[in-house]
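Residue numbers (the working numbering), protein chains in the order written: chain A, 1 to 157; chain B, 1001 to 1262.
A portion of the hints provided could be inaccurate.
[As the list claims (entries may be wrong)] Some chain A residues near chain B, calculated using beta-carbon distances under 10 Å: (1) 7; (2) 10; (3) 13; (4) 19; (5) 30.
[What the hints assert, rightly or not] Straight-line Cα separation of at most 35 Å, DSBU-like style, residue types lysine-lysine; simulated pairs: (6) 122(A) - 1193(B); (7) 54(A) - 122(A); (8) 54(A) - 90(A); (9) 90(A) - 1193(B); (10) 150(A) - 1193(B); (11) 131(A) - 54(A); (12) 54(A) - 1193(B).
Just so you know, the hints here were simulated from the structure itself, not pulled from any lab data. Predicted, not measured: the structure shown is a model, and the values here were computed from it. Each residue gets a CB set at the ideal place from its N, CA and C atoms; glycine is no exception.
Okay, here's what each chain looks like letter by letter:
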Amino acid sequence: MMNVRAMEIGVGIFVAAGLAALLMLAMRVSNVSDFSEGQGYTLTARFDNIGGLKVRSPVRIGGVRIGRVTAISYDERAYQAVVTMAIQNKYDRLPTDTHASIYTAGLLGEQYIGLEPGGAEKYLANGGEIKQTQSALVLEQLIGQFLFSKASEGAKK
Amino acid sequence: MIVVDWLQRLGRNALFFLQRLGRATVFLLQVLAGIPTIIMQPRLLLWELYSVGVLSLAIIGISGLAVGMVLGLQMYTTLVDFGAAQSLGPVVALSLVRELGPVLTALLYSGRAGSALTAEIGLMKATDQLSVMEMMAVDPLCRVVAPRFLAGVVSVPLLAAIFSAVGILGAYFVGVGLLGVDAGAFWSQMQAKVDLHADVYNGLIKSAVFGLVATWIAVFEGYDAVPTTEGVSRATTRTVVHTAFAILGLDFVLTALMFGGI
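All chains, please: the whole structure from these sequences, using the hints.
Here is the structure:
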């Protein structure tokens, strides 16, 4: 039988390799600095059409990710989609007249919420609502409008 | 008459299955009761961790590397058609961390270590070593089974993490080294898509459950084996087959629970 010291070294290497692999998965593969859901403060925004936006879609400002979509629901009275997002606590200086739009990363990429800060003196607090929103661009509608305008041009001639 | 005979066989098999499941559950509870004693004496764990964990490192590492490299190659050839080769990192990382790492590790573990556990305990029973222990007032469940069980449960999540990490490095080697995907995009897209809680932690929970189930089946089959040469050989086969069924079935259930909502 092998002596105890060699076995202990072997087990030590095994445990160290396992922990190193876990550390790599945590630090290198996933983004550990990314905050988890539940942290940060929440904002809501109402959209007429959210397109392909999903829970966990990113919220960006100036291209920098500052939060995530945490919930999407539908308001039956206003006939609008209500998007709840969590914003990291360090980004707490969003003016009250911030503008929220739904953009697509690339032509067919994932959709995300892009924020553009306004000029108001006051800042949005936890539970605040972004009033000015712009719906997602739905490609089918766009193509439909384009064809329609082409057809009407043809009719004028 | 044939139908009645068939029904009788079905009923007998069902009762037999339930009886075994009941025995296995009682057995598991008895083993769990022995675990505090093992934690007080970590010496008993050392040899088991060595034979279950350390000796499995080679097969886990090599399989992880091979799976990662193949995954990288195959995904690249498909993704490049859509001009989405940059997504190689997240695709490989998500499939390894969520599914392939835990599942393949558990299957390899049951072939490499689970079958050995069954054969060892079964032969101890066949050669009356377990009865001798009982005669000496040493509880074989506590002394023989519990350390093996604990070593298996501890080892599998670590092995799965090693599998995933090595696999991602393999995909990095093929994708970035050989096929020319941009290294920055590979890592940054991966970090943007892989979530620590939703993906890495859930993968770990999965592999912990698989480790528990695979080791449970292995030690139970050994302890429950018919104490003959043939009985031990059959028990060893059953360990590998039943573990594969249990892992693949459980994987679907766990995936549906963890990722079904997203």
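Hints versus structure:
With a cut of 10 Å, the hint placing residue 7(A) at the interface with chain B holds, because the nearest CB-to-CB distance is about 5 Å. For residue 10(A), the interface hint holds, since its Cβ comes within 10 Å of a Cβ in chain B; the closest pair sits about 4 Å apart. Taking 10 Å as the C-beta cut-off, the interface hint given for residue 13(A) holds, the closest approach to chain B being about 7 Å. A hinted interface residue such as residue 19(A) counts as satisfied when its beta carbon comes closer than 10 Å to some beta carbon of chain B; here the least separation is about 8 Å, so the hint holds.
Satisfaction of the interface hint for residue 30(A) is found here, the shortest Cβ-Cβ separation to chain B being roughly 4 Å, below the 10 Å cut-off. Of the pairs offered as hints, the one joining residue 122(A) and residue 1193(B) holds, with about 34 Å between alpha carbons and a cut-off of 35 Å not exceeded. A distance of roughly 29 Å separates the Cα atoms of residue 54(A) and residue 122(A); the hinted pair therefore holds under the 35 Å criterion. For the proposed pair residue 54(A) and residue 90(A), the alpha carbon gap of about 24 Å is at most 35 Å, so the pair holds.
Distance restraint check for residue 90(A) and residue 1193(B): the Cα-Cα separation of roughly 22 Å lies within the 35 Å cut-off, and the hinted pair is therefore satisfied. Between residue 150(A) and residue 1193(B) the CA atoms are separated by roughly 41 Å; this puts the pair beyond 35 Å, and the hint is violated. The hinted pair formed by residue 131(A) and residue 54(A) meets the criterion: a straight-line CA distance of about 20 Å does not exceed 35 Å. Between the alpha carbons of residue 54(A) and residue 1193(B) the distance comes to roughly 14 Å, so the proposed pair stays at or under 35 Å and holds.
Violated hint for the displayed structure: number 10, the only one.
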